[in-house]
Amino acid sequence: MVCYDTPLVTYGLIRLQTPPGFRLSGVATAHGWHALAPYRWDAETGTLHRIEELPGGVTHLQITQPDTILVRADRTLTSADAREAERRLRWSLRLEEDLSEFHALCASDQALCEAVRPSGGRLLRCPTLFEDVIKVVLTTNTTWTQTKAMAARLVATLGAHAPGDPSLRAFPPPEAVAVAGEIVLKEQIRLGYRNTSVLRIAEDVAEGKLDLEALKDSDLPTPELRKRLLALPGVGPYATATLLMILGRYDELGIDTELRSHVSRKYFNGEAVSEKDMRAVYEHWGQWRYLAYWFDPQ
DNA sequence: GTCCAGGTCGCGC
DNA sequence: GCGCGACATGGA
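Here the first sequence stands for residues 533 to 830, where the numbers follow the working numbering.
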């Protein structure tokens, strides 16, 4: 029997140990994030593509799951690169997250159980909270098609690339967005009125006034975390709930048009529903409300 | 041309 | 606290 101490690195290859029952295909596609650059999901081969700027340079990572999670890089990785790639991917794939209590609660509902099974309830996230915050802002008051286009332009315009290959670019760090400034955002990246919020968040992080990464794995009580997210420009109640989900806090529902129509259709015969109605439906799921809604079958 | 999309913000009451 | 319109962008 082969036992992999993590990370086991050979040239450009990393293996990640996974929790029992982990399915990459389910986790990658459980929500839309896999379609936002610099992620790309290839359903044919079951490969999650991701471009990351590692200490040693911009790297194309191809993540598959023949048995354990296998990460192939398009270049030889130093051990520092491999450690960093592993750290980012373990966070993104939520390999440390314990959802066993949610699974136990799902057991009583077979349809829900089946909806949860492919991903185990793990929703893909980005290596940095900065990237997730920007992407959540890009989902507000627009269509999914435009969200994808905005993320693609942000990466294509400002993302770092390996020498000689500008087609593969990483997500721009806050400094790159801050330096780009409002003209580039307005004329090239075209985030609409979100330009202002995105630029301000990037500037605040770049200047050290805002430490988003410290909110990951912080033991702040959820109400305090909520307050800090809500304070970000362009981040209202819906975006806050989504970001709390990103951070592994599932007790708050993101109230938006999708939730409204789902609850109306499934529980109220298509009639108009109030915010109170929506909350009541998932109330008994306590700290698992977001996941209970997310995987709630039609 | 008009409407609106997985909202947010600032205003007036 | 609550209701209302404006807000950039691009597709229907």
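If you're looking for bench data, these hints aren't it; they were derived computationally from the structure.
Predicted, not measured: the structure shown is a model, and the values here were computed from it.
A portion of the hints provided could be inaccurate.
Said to hold, decoys possible - Simulated restraints on C-beta separations:
| hint | residue 1 | residue 2 | range |
| --- | --- | --- | --- |
| 1 | H816 | R792 | 30 to 36 Å |
| 2 | N801 | R607 | 54 to 60 Å |
| 3 | L602 | G802 | 44 to 50 Å |
| 4 | T675 | V716 | 19 to 25 Å |
Glycine included, each C-beta is placed from N, C-alpha and C at the ideal position.
| Which numbered hints fail | Hint 1 contradicted; others consistent.
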